[in-house]
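Protein chains in written order, with numbering that gives the first Met the number 0: chain A, 0 to 450; chain B, 0 to 450.
The set of hints was computed from the structure by calculation and includes no laboratory data. Among the hints, erroneous ones may be present.
One copy or any two copies: either way a pair holds, since identical chains are not told apart in the list.
Stated by the list, open to error - Distance condition first, Cα-Cα at most 20 Å in a straight line; then the derived DMTMM-like pairs of lysine to aspartate or glutamate:
id	residue 1	residue 2
1	LYS62	ASP73
2	LYS180	ASP279
3	LYS4	GLU50
4	LYS193	ASP271
5	LYS55	GLU215
6	LYS442	GLU357
2 protein chains.
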Amino acid sequence: MDIVKPRTLSGFMELLPEDQMKMERMMQILRETYMCFAFTPLDTPVIESAEVLLAKGGGETEKQIYRFQKGDSDLALRFDLTVPLAKYVAAHYAELAFPFRRYQIGKVYRGERAQRGRFREFYQADIDVIGDGKLDILNEAEIPAIIYSAFTRLGLKRFCIRVNNRKLLNGFYRMNGMAEKASEIMRIVDKLDKIGEVKVKQLLIDELAMRPYKAENILGFMAIRGTTSEILERLESYRGMDDIFDKGLEELRTVTRYLAEFGVPAENFAVDLTIARGLDYYTGTVYETTLTDHPEIGSVCSGGRYDNLAGYYTDRQLPGVGISIGLTRLFYVLQEQKLLSDELMTAPCDVLVLPMTENLAPAVSAATALRAAGLRTQLYGEQKKFKQKMSYADRIHVPYVVLLGEDEISEGILSVKNMETGEQRKLTAEEAANLILRTVREKNALPPITG
Amino acid sequence: MDIVKPRTLSGFMELLPEDQMKMERMMQILRETYMCFAFTPLDTPVIESAEVLLAKGGGETEKQIYRFQKGDSDLALRFDLTVPLAKYVAAHYAELAFPFRRYQIGKVYRGERAQRGRFREFYQADIDVIGDGKLDILNEAEIPAIIYSAFTRLGLKRFCIRVNNRKLLNGFYRMNGMAEKASEIMRIVDKLDKIGEVKVKQLLIDELAMRPYKAENILGFMAIRGTTSEILERLESYRGMDDIFDKGLEELRTVTRYLAEFGVPAENFAVDLTIARGLDYYTGTVYETTLTDHPEIGSVCSGGRYDNLAGYYTDRQLPGVGISIGLTRLFYVLQEQKLLSDELMTAPCDVLVLPMTENLAPAVSAATALRAAGLRTQLYGEQKKFKQKMSYADRIHVPYVVLLGEDEISEGILSVKNMETGEQRKLTAEEAANLILRTVREKNALPPITG
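Could you put the whole structure together from the sequences, leaning on the hints where they help?
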């Protein structure tokens, strides 16, 4: 047979088993967190009609999309989970109860130029709350609690959930007579982190023909720093000049009011007036989440409030609020920064049963009993020398090995070897199961991220 | 904005939230079962290079495949999980420990003609054990235990795991001087269930120019029925005529020897000499699983032993044994046959917290406490009338509602309403959490399938 080189496309993540276990653990934690906050799982097709997927239009998206013909159909792979959600809610509107809260963890596709850390197939882990006509601000206030819960369960400690409000920004630009230039201003101000105040000011003056004092006004507003209450206090000085601004300030006050009751510590939260989020469709609270020790990574969980999820599919007004975690990229940077825990249980099993006799019946029974006790149990059946069997146990990093020879069988017990300490004990099947379960539960309670 | 009709492609399953919960539950049970038997999770790309994916060639596959160009690349969507596994094992050979046991639950794509119950995007839930050069027969003996465990946990009772052995069949055809026609014979004999003995005999005679007594020999062999030990006894009468047959008989004896120790009841297991499995690459034990009351569905879990997983990617001999569940199709037929449980918890949350006061702090605190106790908790923030709030609770089928008005707040308690019985009680937060947890745990212990 002709041999084809087995390769995986560049830009596609394919993990080795131990890393895959870490990834699965992270996904499981996100699923549990999202469900804990009452989001229901959703699963939409990876392939959609191109007409449906591109209903909104949009330049960058259209260039990157995987689009192809099959028979007479013009098809495309989803490039995010928001457009499929919009389609789903519009199509199933009559069958859903609103507010509709869904989570979806799935692969999306963008044919970006291949480069280190950029993926063409990647997981997004999204939640959204969709209202029918209206959606209460309390939903926006709850989002930081969800982000905090997810990141804490993952094992992260030093992170900051940053929020801003688009009405505050829009109102501020309007009160300065710059309403029609707001999106261009935001595009430039977004570079503050990268190029600094001086250059941003120059860009505002050069590109938007802005008067220097107006540029200074903007930079002064963006420079407001402090605790949440200090920032709110400073923002009060702008009150009464623009009703959109005032509305945004009220929303920001509500979003920050219940943080303690939501269990979000002050040190993991900040109001940050420089956050705008690129997408035009955000209209209220916007969120970004950064790792305190790794600002270079940028936001690892972002989103916001929008007023019109599915305008291109339905006349109904469907406001919502949502956040998205770029899971593949997050995993990649955590791996690069060596922030993934080595303590995590990544073995394919909790215990490996090694039969040492011709008749395998006692070993099969022992394995069946250990499984019934809740242990991931591998029965090793290969005809190999003892040394090779133990080297396999080492290689898969299994924490315990059960040895079953003539002696053990006649005594009705198991020899249980702790592979970490090398200690070997003779135990009944029940004692063995309890001992291993204890260790395994401890290991499984460890978070996947150290940081 | 122009409105595009939000539609989902035909042949693509997209479930409503309550059905999606059932599907997720089934997937979770399969994941847990597979892990219990020491399979490690794997996740490979949906898109592969067409050259890699089609290395094996093959007519039907090539016609159905989703294949397209992106830039200069000739790409294709995976049509099963076996070819990606072969690629993975060949590519990562040096980094894997053998036997390598992996499970993968993922979507695969086949552009079949659209018809009821046929899907173009569907989940497969696969396990495989891959050996390096050799793989012990014990791995084949373990497979029925895995199928039994998976189906029992899903809630199925009346199902039968049918096994046969390809060496038995090949040996039998060889001893009858029909070795070179074996695969054609198997193709015809495969129709036994559908068209019956008489017509199969005629086809053997007409299409393969077989003498009538030889056709009768074949049908006589296929007609061997009885308990496992009765069938083994009958097969003994063929021993000594062909060494491949004798090898197959030994293998079948081993596969059936430890069934009791593996915990597989006799009534869920049968040797069935008519099973051949279409694919040419099976070389030992083959498996099919049927629902006793729904034979028309055909096999819902199939697989077998093969000697050469990845011959088109590597010179290494990689034998293995695996099974696959066509999960999307299984879900579809269970739904059609009304075999999915209505008792299952499909609500997005275990408890809905309804604040009845202006200040939401106590409601937020209550929701946070219920979540910390492990309950999926939804905080309802919409400004609606009480009746509308309760109708939302009804609509999402939440089992409990917590009401929090001035009275409850001043007393420091929660009013907990059981939505099934209508009973309402005043409880402390801890009492409420314990009560709801008990109910939820009971409901979550119910299997997703009734049958």
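Against the structure, the hints come out as follows:
no. : hint               : in the structure
1   : LYS62 with ASP73   : both (15 Å within a copy, 18 Å between copies)
2   : LYS180 with ASP279 : within (13 Å within a copy, 67 Å between copies)
3   : LYS4 with GLU50    : between (37 Å within a copy, 9 Å between copies)
4   : LYS193 with ASP271 : within (16 Å within a copy, 70 Å between copies)
5   : LYS55 with GLU215  : neither (36 Å within a copy, 66 Å between copies)
6   : LYS442 with GLU357 : neither (34 Å within a copy, 44 Å between copies)
Hint compliance for this structure: hints 5, 6 are not met, and every other hint is.
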